[in-house]
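Chains as they are written, first to last, in the numbering used here: chain A, 1 to 215; chain B, 216 to 586.
There may be inaccurate statements among the hints.
[To be verified] One side of the interface only, derived from the structure: several residues of chain B facing chain A at Cβ under 7 angstroms:
1) F287
2) V352
3) S353
[To be verified] Per label pair, the in silico range of CB-to-CB distance:
4) P313/B to L190/A: 24 to 30 angstroms
5) R289/B to L54/A: 17 to 23 angstroms
6) L166/A to A369/B: 51 to 57 angstroms
7) N412/B to Y195/A: 34 to 40 angstroms
8) A176/A to I285/B: 56 to 62 angstroms
9) A369/B to N95/A: 49 to 55 angstroms
10) L203/A to P567/B: 30 to 36 angstroms
11) R457/B to L190/A: 37 to 43 angstroms
12) A395/B to P99/A: 52 to 58 angstroms
13) R181/A to F290/B: 46 to 52 angstroms
14) L282/B to A144/A: 49 to 55 angstroms
15) P131/A to S539/B: 56 to 62 angstroms
16) L200/A to G333/B: 42 to 48 angstroms
17) P204/A to L479/B: 55 to 61 angstroms
Calculated from the structure, these hints are not laboratory results. Glycine included, every Cβ here is placed at the ideal spot set by N, Cα and C.
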Amino acid sequence: MNGAGSPSRHERRAIVLVLGAGPAAAVSTRLVDGVVMAIATFVVLAGVSLLLPLVRRGIQRDDAVGPGPTAPPAVLWGALLISSCLTALVELALNALMPAESARLGIYVPLIAVSMLTMGRVDELALCPSPARALAPTLGVGAAYAALLVIVALAREVLGSGTITLGRTTSLGILADDPARAFGLAAGALICLGYLAAALRLLPGSRARSDGGER
Amino acid sequence: MAERSREARLLQAPAPHSRTSLSTPVLAWIVAASLVPALAWGIALFGLPAALVCGTALVAAVLAEALTTIPFGRFTLADGSAVLTGLLVGMFMPAGVPLGIPAAASFFGLVVVKQTFGGLGRNWMNPAVGGVLFALVSWSVSMTHWVALPGGLAVPPLESLRAALAAGTSAGGPLSALNAGGYVFSAVDAAVVGWVNAHLPSFLGAGLQRGTFDVLVGIVVGPTGAVSAPLLAAGAVLLASRGIIRWEIPVAYLGVFVILVLLLGGPAAGRPLHPGGALFQLLSGSLILGAFYAATDPVTSPLVRTGRWAYGVALGALTFLLRSFGSVGDGVVASIALGNTLVPLIDRATVPSRPGARGRARPELPPGGAA
Chain A
1 MNGAGSPSRH ERRAIVLVLG AGPAAAVSTR LVDGVVMAIA TFVVLAGVSL LLPLVRRGIQ
61 RDDAVGPGPT APPAVLWGAL LISSCLTALV ELALNALMPA ESARLGIYVP LIAVSMLTMG
121 RVDELALCPS PARALAPTLG VGAAYAALLV IVALAREVLG SGTITLGRTT SLGILADDPA
181 RAFGLAAGAL ICLGYLAAAL RLLPGSRARS DGGER
Chain B
216 MAERSREARL LQAPAPHSRT SLSTPVLAWI VAASLVPALA WGIALFGLPA ALVCGTALVA
276 AVLAEALTTI PFGRFTLADG SAVLTGLLVG MFMPAGVPLG IPAAASFFGL VVVKQTFGGL
336 GRNWMNPAVG GVLFALVSWS VSMTHWVALP GGLAVPPLES LRAALAAGTS AGGPLSALNA
396 GGYVFSAVDA AVVGWVNAHL PSFLGAGLQR GTFDVLVGIV VGPTGAVSAP LLAAGAVLLA
456 SRGIIRWEIP VAYLGVFVIL VLLLGGPAAG RPLHPGGALF QLLSGSLILG AFYAATDPVT
516 SPLVRTGRWA YGVALGALTF LLRSFGSVGD GVVASIALGN TLVPLIDRAT VPSRPGARGR
576 ARPELPPGGA A
């Protein structure tokens with residue numbers, strides 16, 4: 001916290017990441033859940049990055065981007081509307097194509113609309129002059145989030161259930177006899193996310209390494 | 216000449232200026248040694264399975280410490296912390312638990328709870344508590360694999376009491392409930408209680424109940440190292456007398472717990488107040504082991520006396536709540552884990568920013584948060 005009591009820039013970034021990781025912790029108990037959630041989030045992210053720059057000029061009263069690094073309120077509302085519509089479409093498609101999986105994911109598919117991972121991108125998307133300039137970084141963010149979900153889901157299912165479920169369920173022998181059920185709970189998800197974050201910080205060229213290991 | 220000799224007696228040196236022979240490794244080894252009598256009692260009671268469980272936990276803890284330090288150029292096994300963690304994990308375990316579970320618990324405690332956060336002195340949760348809690352949550356059924364004692368004692372008294380209360384066979388106190396429910400106490404208990412009731416006057420008009428000796432001494436089914444309250448308490452008194460553990464924590468912990476049992480234990484279970492329930496609850500489960508050895512970990516307990524009192528009060532209340540309404544073991548390990556998460560807040564509220572300052576003074580944090 002800075003001296004004024006409001007969150008600092010680093011704390012806001014941490015808040016965005018934690019909230020974005022919430023659905024990851026909730027749904028990543030099986031590999032197939034993680035894969036489906038990753039695809040759904042990726043589709044919504046890509047849609048928002050394509051449509052928001054197109055409609056931004058119509059939402060804003062003038063061509064000015066707006067004061068400071070944050071998007072104007074009208075653009076934020078527009079982003080939320082676009083995100084909600086795309087999420088509804090994704091949910092309907094999931095319900096039609098994979099009804100059992102849709103029922104399993106439950107409320108977390110609609111929550112993509114307000115996922116901070118989506119909304120955290122709004123400021124940057126609002127500054128992009130064209131959809132092409134917005135799509136490239138969004139694809140990277142979406143791919144990273146998808147990878148995170150898949151890795152965490154795989155680890156949690158292997159350790160917490162002793163199985164791998166992707167199309168069909170494969171039992172992993174001794175791990176399936178008496179698995180560590182803590183990994184199927186939220187605490188297990190946070191442990192996996194923590195170690196994944198630590199592993200990413202060890203990668204050469206990571207931001208944590210370049211800024212002196214700042215948390 | 217006089218001035219020169221005065222200067223020679225002035226010694227300039229950096230902190231610390233107060234030194235003691237009780238270094239961190241010495242403290243850890245002393246605490247580990249104080250656990251040995253209670254551990255030996257548990258192994259004598261439950262036999263080879265208990266020895267295997269404790270041995271597995273110990274070996275796994277040492278291996279985990281070695282694997283996470285030696286490849287990185289550090290050797291920390293000599294500080295005794297890994298041995299102490301392994302001992303505590305084994306002592307919190309039932310004697311009949313599959314051997315993979317104490318190994319996993321020790322490994323989790325050492326690697327995830329301790330080494331991940333920087334090693335000894337940097338963990339925010341007691342490693343043994345974290346490991347045992349992980350085992351309780353992951354393998355809740357296997358963590359109730361008790362070893363029966365000769366004579367038919369096969370279930371811990373606390374679990375039997377819950378069953379007896381649920382069946383409605385309770386009258387007059389926990390031991391009465393257990394007796395009415397058919398709980399089998401040892402022949403030694405029968406002999407001692409019978410002799411006392413026959414030869415010693417009863418000032419209250421009622422004799423000792425069957426089971427009193429068993430519960431007092433520790434001839435009951437329970438966690439391997441937690442059944443013998445007298446041996447644990449004796450070790451703890453020795454540690455407290457040397458200042459190795461802070462007495463405020465167990466006194467506040469057990470005091471608040473007893474008060475809550477006396478005030479609320481009966482009505483919460485739908486029965487009138489059980490005056491004898493407090494002693495029974497105190498000696499049941501792993502409360503004594505947790506209060507004296509896990510909650511008093513100097514790394515994960517508050518820094519100042521006021522904070523330690525608050526911490527003990529919180530632990531007592533949490534243990535009462537979790538034991539009465541929870542589903543994870545007897546509530547001790549979970550409440551200590553929860554209490555550990557409160558310690559930074561307690562320290563923030565109680566530690567003065569300047570030594571000797573009166574009252575609470577919030578320490579000034581550097582920009583960007585604590586380092």
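Right, here's what the structure says about each hint:
| no. | hint | verdict |
| --- | --- | --- |
| 1 | F287 | violated (13 angstroms) |
| 2 | V352 | holds (5 angstroms) |
| 3 | S353 | holds (4 angstroms) |
| 4 | P313/B to L190/A: 24 to 30 angstroms | holds (26 angstroms) |
| 5 | R289/B to L54/A: 17 to 23 angstroms | violated (57 angstroms) |
| 6 | L166/A to A369/B: 51 to 57 angstroms | violated (44 angstroms) |
| 7 | N412/B to Y195/A: 34 to 40 angstroms | violated (59 angstroms) |
| 8 | A176/A to I285/B: 56 to 62 angstroms | violated (33 angstroms) |
| 9 | A369/B to N95/A: 49 to 55 angstroms | holds (51 angstroms) |
| 10 | L203/A to P567/B: 30 to 36 angstroms | violated (42 angstroms) |
| 11 | R457/B to L190/A: 37 to 43 angstroms | holds (39 angstroms) |
| 12 | A395/B to P99/A: 52 to 58 angstroms | holds (54 angstroms) |
| 13 | R181/A to F290/B: 46 to 52 angstroms | violated (35 angstroms) |
| 14 | L282/B to A144/A: 49 to 55 angstroms | violated (30 angstroms) |
| 15 | P131/A to S539/B: 56 to 62 angstroms | holds (59 angstroms) |
| 16 | L200/A to G333/B: 42 to 48 angstroms | violated (19 angstroms) |
| 17 | P204/A to L479/B: 55 to 61 angstroms | holds (58 angstroms) |
In the structure shown, a violation is registered for the earlier hints numbered 1, 5, 6, 7, 8, 10, 13, 14, 16, in ascending order.
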